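Protein chains in written order, with our numbering: chain F, 169 to 286; chain X, 380 to 491.
Hints were generated in silico from the structure; no laboratory data involved.
Note that the coordinates shown come from a computational prediction; the quantities given were computed from them, not determined experimentally.
All the pointers check out, no bait thrown in.
Cut-off 25 Å, straight-line C-alpha distance, at most; resulting in silico cross-link-like pairs (DSS-like, lysine-lysine): (1) LYS188/F x LYS232/F; (2) LYS415/X x LYS209/F; (3) LYS443/X x LYS396/X; (4) LYS209/F x LYS490/X; (5) LYS415/X x LYS490/X; (6) LYS443/X x LYS417/X; (7) LYS417/X x LYS188/F; (8) LYS209/F x LYS417/X.
Partner residues are not named here, just some residues of chain X that face chain F (Cβ under 10 Å, in silico): (9) TYR412; (10) LEU422; (11) GLY469; (12) ASP471; (13) GLY477; (14) PHE481.
Think of the CB as a built atom: it goes at the ideal place given N, C-alpha and C, for glycine as much as any other residue.
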Amino acid sequence: GAVVSQHPSWVICKSGTSVKIECRSLDFQATTMFWYRQFPKQSLMLMATSNEGSKATYEQGVEKDKFLINHASLTLSTLTVTSAHPEDSSFYICSARVSGRGNTGELFFGEGSRLTVL
Amino acid sequence: SQELEQSPQSLIVQEGKNLTINCTSSKTLYGLYWYKQKYGEGLIFLMMLQKGGEEKSHEKITAKLDEKKQQSSLHITASQPSHAGIYLCGADFSGNTGKLIFGQGTTLQVKP
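In isolation and in its complexed conformation, chain F is listed as follows (with noise of 0.2 Å):
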């Protein structure tokens, strides 16, 4: 299956700074990814939808300058957690689809990023 890939898997960082995290389609083009949030023993929360060339879109209750999304080409999607606090600790997992020739629909998801905020 197609390949997305998070960078980093984790991270840990002091309360107030910015963390940023990358989300990479290795080997198709995705015009749209998604970006979501994980906490310890639940389910996935959709956080925004993140569109190449484009304004991301956010869900209800998602702070749009807290979480700068940029997708500033088909196989790179970026978050920034800005002005970091604990309660923003979380794992954070993006997922793409093949977008064009041959999209059979199917959504792949990165490993995840887990971030810890001090």
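Starting from the known structure of chain F, fit chain X onto it as the hints suggest.
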């Protein structure tokens, strides 16, 4: 209210036994996705169902979507320790956009 309900929340089975996990939606969905996750890791794509009555199989795992497209089941035959993990169903309610709403997950343990 939860749009997608998974049951059971957790399951412990003896190796070799069959098991079924259910995923029920409160409304008609456009697509239903099944994933497996090891705690703290990414999601492994298992199957995607889009048509009412559709059934797909891969190795010992079979997934079905009912005719009304509101309920799906995941069945594992002759379970093995390698099947252990968290199974998640995700539903696309928004017209094949790829935006998924997930169920709460089912944690499966397989005892050797």
